[in-house]
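What follows is each chain in one-letter form.
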Amino acid sequence: MVLDLNVSIREKNNVPIIDLEGEIDVYTYPKLSDALKVVFEKFPQTKDLIINLGNVRYIDSTGLGVIANGANQISRLSNGYITIINATPQIRKIFDVSGLISTNFHMMENEDSAISHIAGSHNS
Amino acid sequence: MSEPIKIELTIPSISDYVGVARLTASGIASRMKFSHEEIEDIKIAVSEACTNAVQYAYGDHVGQIKLVFTIQDQYLEICVKDNGKGFDVSAPVEEASQDPDKIGLGLGIVFMRSLMDKVEYKSSVDQGTEVVMIKKLSVAHSADM
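Chains A and B supply the protein sequences, listed in that same order. Mapping to my numbering: the first sequence position 95 is 95, numbers consecutive. Mapping to my numbering: the second sequence position 54 is 54, numbers consecutive.
In short, the hints are calculated from the structure, not lab data. Treat the hints with care, as some may be off.
One side only, chain A facing chain B, incomplete, derived with CB under 8 Å [as the list claims (entries may be wrong)]:
no.	residue
1	Val7
2	Tyr58
3	Phe95
Residues on chain B that point at chain A, a partial pick, calculated with CB under 10 Å [unchecked claim]:
no.	residue
4	Ser15
5	Gly19
6	Val20
7	Val54
8	Phe111
9	Leu115
10	Asp117
Ideal Cβ positions, reconstructed from N, Cα and C, are used throughout, including at glycine.
Produce the entire structure from the sequences given, and follow the hints as far as they go.
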């Protein structure tokens, strides 16, 4: 079993997307922090950021803390939001227990639904 | 009623080894036939207890975190103990959770309390911290033990 986190950054329809693979804990969370810094430097005006948790098997409070800090940052920078996609039921449960979802970020089923939702919100 | 089985693990208080504690907890819980969801709950609770010890127990130097897993017929008891600086359990924790290098302390305790059946915290200044957590086997699983 791999106790590590792989991070990659891409862009779709002008929306930055961070793809994560592995486990997010006190050892690996700096990689996610670094990725968020890169995104906010490269896309300082973006109102949306998608974080793809489809290949994340584990997340704990340190990972949620980083994502919550990212959500606060994008809110300050551009009044924007982070959208979480492809979360497994167990990871959704952790977000639910944390009580962070409604205040800090959106949760969508997959990339297509997230992109459609973001496009719709900008057109409205 | 069987004799309890104890399994002990000691890790250094550095973040690299929290995953090892989590994997150990996962293996023991799996052996006890906890459900997949319950195993994930136990992994998070163990990880959170170890993370708190890594981030707060020993300051800048490395100490030890001792885990004792006690397998009982009806439940798993997990004790996570450090010999670090400890803290006043009656003091608020919000201040620490604002530190970007020590993310998630408040949530960690929320997770332990939400995902386990029982959690007890014992800590006092300069005498370390001990967290004892219990996860009960559901009736269907415990009948197989």
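Comparing the hints with the structure gives:
1. Val7: violated, 17 Å
2. Tyr58: holds, 7 Å
3. Phe95: Result: violated, 11 Å to nearest chain B Cβ.
4. Ser15: holds, 4 Å
5. Gly19: Because about 4 Å separates glycine 19 of chain B from the closest Cβ in chain A, which is inside the 10 Å limit, the hint holds.
6. Val20: This interface hint holds because 8 Å falls under the 10 Å limit.
7. Val54: At 6 Å from the nearest chain A Cβ, valine 54 of chain B passes the 10 Å test, so the hint holds.
8. Phe111: holds, 6 Å
9. Leu115: It holds, given that the least Cβ distance between leucine 115 of chain B and chain A is near 7 Å, below 10 Å.
10. Asp117: violated, 15 Å
Hint check: violations occur at hints 1, 3 and 10; the rest are consistent with the structure.
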